[in-house]
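Chemist: With the hints as extra help, turn the sequences into a complete structure.
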Amino acid sequence: MKVGVVTFPGTNCDQDVVKMSQAHGYKVVPLWHKDHFDVKSVDMVIVPGGFSYGDYLRCGALAARSAVMTSVKELAKTGKPVLGICNGFQILCETGMLPGVLVRNDHGRFTDKWTEIETVNSTQHFAKSDKKKLKLPVAHGEGRFFAEKSELDKIESQGQVWFRYTENINGSLNNIAGVMNKEKNVAALMPHPERAMFDWMGGSDGFKFI
Amino acid sequence: MAERTLTEKLKHYRISQNEYERISGLLGRPPQGLEWALFSALWSEHCSYKSSKVHLRKFSYRNGMTRDDSDENAGVVDIGFGEKIVFKMESHNHPSFIEPYQGAATGVGGILRDIFTMGARPIALADYLCFGDENAPRMKSLVKGVVAGISGYGNCVGVPTITGYTEYDENYNKNILVNAMAVGLIEGQMNLASSKAEGIGNLVVYVGAKTGKDGVHGAAMASESFDQDIDSKKPNIQIGDPFLEKLLIESCLEVLSKNLVVCMQDMGAAGLTSSTFEMASKGKVGMDLHLDKVPQRDSSITPEEILLSESQERMVLVCVPKNLEAIQAVFKKWDLDAAPVGTITDTKKMRLFWKGDVVTEIDPTLITDSAPRYERPFTEYQSKRKRAKVEAVSNQNQKQLLDSLKQNAFYKNKNWIYEQYDQRVGTRTVKDASQTLSVVRLNSHRDLAISVGCRPSFMRMDTRIGAIDAIMYPALQQAIKGFKPIAVTDCLNFANPERVEVMTDFVTTCDLYAQIAQKLDAPIISGNVSFYNETEGKGISPTPAVGLVGLKENDERVPDCVFTETGLDVYLVQMPGVISYAKTAEVLKKEMSFSGDLTVNYLADFVGAMTAFVAKTKPQVSRVVGQGGLALTLDKMKSAGYECSMQVDANHMFSSTSFLFEERLYDFVFAVDSKTRGPFEKELDALVKKWNLISHVLGSSRKGYS
Numbered sequence: 001m002k003v004g005v006v007t008f009p010g011t012n013c014d015q016d017v018v019k020m021s022q023a024h025g026y027k028v029v030p031l032w033h034k035d036h037f038d039v040k041s042v043d044m045v046i047v048p049g050g051f052s053y054g055d056y057l058r059c060g061a062l063a064a065r066s067a068v069m070t071s072v073k074e075l076a077k078t079g080k081p082v083l084g085i086c087n088g089f090q091i092l093c094e095t096g097m098l099p100g101v102l103v104r105n106d107h108g109r110f111t112d113k114w115t116e117i118e119t120v121n122s123t124q125h126f127a128k129s130d131k132k133k134l135k136l137p138v139a140h141g142e143g144r145f146f147a148e149k150s151e152l153d154k155i156e157s158q159g160q161v162w163f164r165y166t167e168n169i170n171g172s173l174n175n176i177a178g179v180m181n182k183e184k185n186v187a188a189l190m191p192h193p194e195r196a197m198f199d200w201m202g203g204s205d206g207f208k209f210i
Numbered sequence: 001m002a003e004r005t006l007t008e009k010l011k012h013y014r015i016s017q018n019e020y021e022r023i024s025g026l027l028g029r030p031p032q033g034l035e036w037a038l039f040s041a042l043w044s045e046h047c048s049y050k051s052s053k054v055h056l057r058k059f060s061y062r063n064g065m066t067r068d069d070s071d072e073n074a075g076v077v078d079i080g081f082g083e084k085i086v087f088k089m090e091s092h093n094h095p096s097f098i099e100p101y102q103g104a105a106t107g108v109g110g111i112l113r114d115i116f117t118m119g120a121r122p123i124a125l126a127d128y129l130c131f132g133d134e135n136a137p138r139m140k141s142l143v144k145g146v147v148a149g150i151s152g153y154g155n156c157v158g159v160p161t162i163t164g165y166t167e168y169d170e171n172y173n174k175n176i177l178v179n180a181m182a183v184g185l186i187e188g189q190m191n192l193a194s195s196k197a198e199g200i201g202n203l204v205v206y207v208g209a210k211t212g213k214d215g216v217h218g219a220a221m222a223s224e225s226f227d228q229d230i231d232s233k234k235p236n237i238q239i240g241d242p243f244l245e246k247l248l249i250e251s252c253l254e255v256l257s258k259n260l261v262v263c264m265q266d267m268g269a270a271g272l273t274s275s276t277f278e279m280a281s282k283g284k285v286g287m288d289l290h291l292d293k294v295p296q297r298d299s300s301i302t303p304e305e306i307l308l309s310e311s312q313e314r315m316v317l318v319c320v321p322k323n324l325e326a327i328q329a330v331f332k333k334w335d336l337d338a339a340p341v342g343t344i345t346d347t348k349k350m351r352l353f354w355k356g357d358v359v360t361e362i363d364p365t366l367i368t369d370s371a372p373r374y375e376r377p378f379t380e381y382q383s384k385r386k387r388a389k390v391e392a393v394s395n396q397n398q399k400q401l402l403d404s405l406k407q408n409a410f411y412k413n414k415n416w417i418y419e420q421y422d423q424r425v426g427t428r429t430v431k432d433a434s435q436t437l438s439v440v441r442l443n444s445h446r447d448l449a450i451s452v453g454c455r456p457s458f459m460r461m462d463t464r465i466g467a468i469d470a471i472m473y474p475a476l477q478q479a480i481k482g483f484k485p486i487a488v489t490d491c492l493n494f495a496n497p498e499r500v501e502v503m504t505d506f507v508t509t510c511d512l513y514a515q516i517a518q519k520l521d522a523p524i525i526s527g528n529v530s531f532y533n534e535t536e537g538k539g540i541s542p543t544p545a546v547g548l549v550g551l552k553e554n555d556e557r558v559p560d561c562v563f564t565e566t567g568l569d570v571y572l573v574q575m576p577g578v579i580s581y582a583k584t585a586e587v588l589k590k591e592m593s594f595s596g597d598l599t600v601n602y603l604a605d606f607v608g609a610m611t612a613f614v615a616k617t618k619p620q621v622s623r624v625v626g627q628g629g630l631a632l633t634l635d636k637m638k639s640a641g642y643e644c645s646m647q648v649d650a651n652h653m654f655s656s657t658s659f660l661f662e663e664r665l666y667d668f669v670f671a672v673d674s675k676t677r678g679p680f681e682k683e684l685d686a687l688v689k690k691w692n693l694i695s696h697v698l699g700s701s702r703k704g705y706s
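In order, the protein sequence lines correspond to chains A and B.
Be aware that the first sequence starts at 1, since it is given in the working numbering, and climbs by one per residue.
Be aware that the second sequence starts at 1, since it is given in the working numbering, and climbs by one per residue.
Derived by calculation from the structure, the hints in this document are not laboratory data.
Keep in mind it's a predicted model, so treat the numbers as computed, not measured.
Cβ atoms here follow ideal geometry from the backbone N, Cα and C, with glycine treated the same way.
Across the chosen pairs, the derived CB separations fall in these ranges:
1) 40/A with 412/B: 51 to 59 Å
2) 173/A with 703/B: 32 to 40 Å
3) 320/B with 40/A: 40 to 48 Å
4) 40/A with 703/B: 52 to 60 Å
5) 320/B with 32/A: 25 to 33 Å
6) 556/B with 114/A: 17 to 25 Å
7) 32/A with 369/B: 40 to 48 Å
8) 320/B with 151/A: 55 to 63 Å
9) 254/B with 114/A: 32 to 40 Å
10) 114/A with 136/B: 33 to 41 Å
Modeler: Below, the structure written as structure tokens:
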């Protein structure tokens, strides 16, 4: 398995995602924001967390217009899996590959804490644990999931809700913590599975994510 | 513009008459042109340590893991297995009081640059904050702004903030303290980078953000007391951009790892002046510097402003000419400037050029090494308070007292602060700020503990006890989790050193820190002094903050600090030392009182014994009793509905309110699985006998009602 890990200026979880991929024995292919890549060169892409382009303009907005994301979109069209984590989730929404948008937490502050999420619909590509409820940490200032009513209804009815928080930590509509595209090969979540790989990190529910 | 009179110039550049005469003597003539600005910045207290240097020399103790690199940006500990730890703590007090968000944010940025300029990847941040009474003017917005500033900067650069200390006391109403500590790691193929300029003909390259007018005279400002007019100082405040810092971290580490660089130095206080003059002076070389080649944000900027600007996220490096292209390619990749601005010469002079003309030519050592050294007057330390029998501090019952203490900002749960910090980025965090000891895991499968120390109420109670506690309390917190403290950094925050009582507290602290570092075998490898924390003649109480790093040579489980299961046997172990009402008395607005004393030798040896005891007995839970005494500590140890049931009998000391709330240096709580009770008690008995301790069975953990 060859995992492409995207780095934008300001990405700060790329090396953590590299470690996660290597823990599974996967080969990592670094993908630089300024470059297009051959979609045949990787089997999966992860868009990691951080502050791409310093969150200038709007979280994920500039990253969504980068060269590398053009290739990520092409790759997704071939049916290969794409995982977004935290800022990666924001970016995938900004590209239109995922529905909805992530806005400022309702309490207005950055929040770092362990949360519990519940699997609503699963995908064959990610989060292959049998556990229905997972304990994963979040760390974000803008993680409140939002969509217009009609779009939200569609997300729900089409089985695109991936995870819900069991306790709403940021004002997300319908407690949504993660969503997928209709084809279920593009999926993203606000919590960080790469920060919950081993018990010493405080929990290992993130281990079986990829 | 009319030429300023000498008096006006001295005032503008914050240079004293005596210093003016010393400068004139060194130069053989009065200073002229840009020289005024150079001396103003680098002879400031902030840059020159002129009031403290004679005492900081006492921190010379080194061991096999440390070496004398006191003229580098931060200290280094070689912990073997190809891993080196680099760390330092620094203050950003004055800017944070004027503009809390930017002050705190740029404090974090500055300390990070001290770490990665040495080739170390920053892996953790800690903060040490002292605020005034929460109802004092501006205080709520200062607290909010400082926390948001640390969060905004640290989170974006991707370095986890994993621990801290937060004080609230009226002594800081008009001078808050914002100290940040950064810890870096050098591993693999990475080498330690130097800040010593070398190689005649080598290029001086400016990298990072462009230079603007922000922070001009910042170093001189930070070396003065505040008066009423703090708004006028706002233009001295630097503005930070953590996104640029993140790019700077990656690009600097990349050129260092590719061995493209001779030396590197961040631009901190006094910006380009201090970085280039120090590099030249350390390398005993000259430097030609073309100020007009410095990338500028504002075309109206003057040479003096370029020299003194404290614009953030800038570094200067030296390289052999053939590497320039490769260096520029790396910085271009990260969308940063890398502009050659000068060359290393054999003249031993700094020559500053502006559009081709020499504007100043001066021996850099006059600026960096010839600042006056003041032996400020001090006396032998006399305890501020008499030792007396400690009486109950309140006639409230236990529950009322506990509840009223918990209403106070100091004793309130501070998770609201730490939840604003990303504590896990980098995926090394084993124990986060919700724990009594924060721990990160190294690739060598060893654990590193990071603590901050200095409990200001004990300093206010008695400077000697407070200073010993400042290092010993975090050392014991590490030992009780099985860690050995390996090195110390400090950030010595004091009021005006020209006052005898302030200098006396400062010297007393330095003497004790030097002694403790040696006895504990934990050298003081880096540090910072912040004087003049004073407003309108009223200074802060002495606050010599400490950062302590400890090592555990394995990745075995770290004992919990709260009860998380039932049926554990709970022990209280007491050391003969100090009994006091310090913080609790302050919170209740009562007189402080204390009896007893602390001894450095005994405590230093005991830290080693405690590390060994915990490594051997592996208790389930362990904790040093903190401020507010056993009552507050046991309350904090409740978790998920588990608590300690006390074996209370009517005459027993555990039912005495006084006993429960006394702050004793030091008491310890352990909880062990009943199955291991036998071997634990055997080891405990030996410890108790050898160290003259008292041990009690406190009770057992049970499912609580809360």
